[in-house]
Amino acid sequence: PISAHVVGFGCPALLSEQLSRSTRDYVTTVIADADFIPRMSGATLVNLLLDLRKLDYRKQAERDVEQALRELQTRFTGYSSSSSDNGSEKNSLPVNIDDD
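When we follow the numbering used here, the leftmost residue of the sequence shown carries the number 1009, and every step to the right adds one.
Read the hints as simulated data drawn from the structure, not as lab findings.
A couple of the hints might just be wrong.
To be verified - FRET-style restraints, in silico, Cβ to Cβ:
1. Val1054 - Gln1075: 31 to 37 Å
2. Leu1022 - Arg1066: 36 to 42 Å
3. Asp1064 - Phe1044: 19 to 25 Å
4. Tyr1065 - Val1014: 39 to 45 Å
5. Val1038 - Arg1078: 43 to 49 Å
6. Arg1047 - Val1014: 15 to 21 Å
7. Thr1031 - Gln1075: 49 to 55 Å
8. Arg1061 - Arg1029: 29 to 35 Å
9. Ser1024 - Asp1059: 20 to 26 Å
10. Asp1041 - Asp1064: 25 to 31 Å
Glycine included, each C-beta is placed from N, C-alpha and C at the ideal position.
Kindly generate the complete structure, drawing on both the sequences and the hints.
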C-alpha cells in the first residue's frame, strides 16, 4: 500500500465541503494570516458584495475629491497659458474648494 500526505500552502478552496471533509486525514492546507484566496468561495463573494452595497462611501469619496482638488490648486496656482492677445496671463483653476 502507498501512503501519502499532502501539504498545500495558500491553496484556493476548490473542493466541496463533503469532499474536503473526506480528505482531511491526509490533506493539510496552510493559510497565511491575511491571505484571502484560500478563504474565498461563492458564499464569501456574495457576502462581500452585500457588505459593499451597505457601505456608505460618500464621506470617503468627498474627502478624496477634496484632497485631489487641493492638490490640483496647489500645483496649478500661477499656471501660465498663452493668449493670442497679450502674450501670457496668469490663470488659476476655476475651482474653489472652500465654497459650500
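Evaluated hints:
For valine 1054 and glutamine 1075, the hinted distance range of 31 to 37 Å is satisfied, since their beta carbons lie about 33 Å from each other. Between leucine 1022 and arginine 1066 the beta carbons are some 38 Å apart, a value that agrees with the proposed interval 36 to 42 Å. Between aspartate 1064 and phenylalanine 1044 the beta carbons are some 23 Å apart, a value that agrees with the proposed interval 19 to 25 Å. Distance hint for tyrosine 1065 and valine 1014: a CB-CB separation of about 42 Å, consistent with the stated range 39 to 45 Å.
Take valine 1038 and arginine 1078: their Cβ atoms lie about 45 Å apart, and the range 43 to 49 Å holds. Look at arginine 1047 against valine 1014: about 19 Å separates their beta carbons, and that is inside 15 to 21 Å. For the hinted restraint 49 to 55 Å between threonine 1031 and glutamine 1075, the CB-CB distance of approximately 50 Å keeps it satisfied. Between arginine 1061 and arginine 1029, the C-beta spacing of about 32 Å keeps the proposed range 29 to 35 Å intact.
The supplied range of 20 to 26 Å is met by serine 1024 and aspartate 1059, whose beta-carbon atoms lie about 25 Å from each other. Under the hint 25 to 31 Å, the C-beta atoms of aspartate 1041 and aspartate 1064, about 28 Å apart, fit the expected range.
Hint violations for this structure: none, all hints satisfied.
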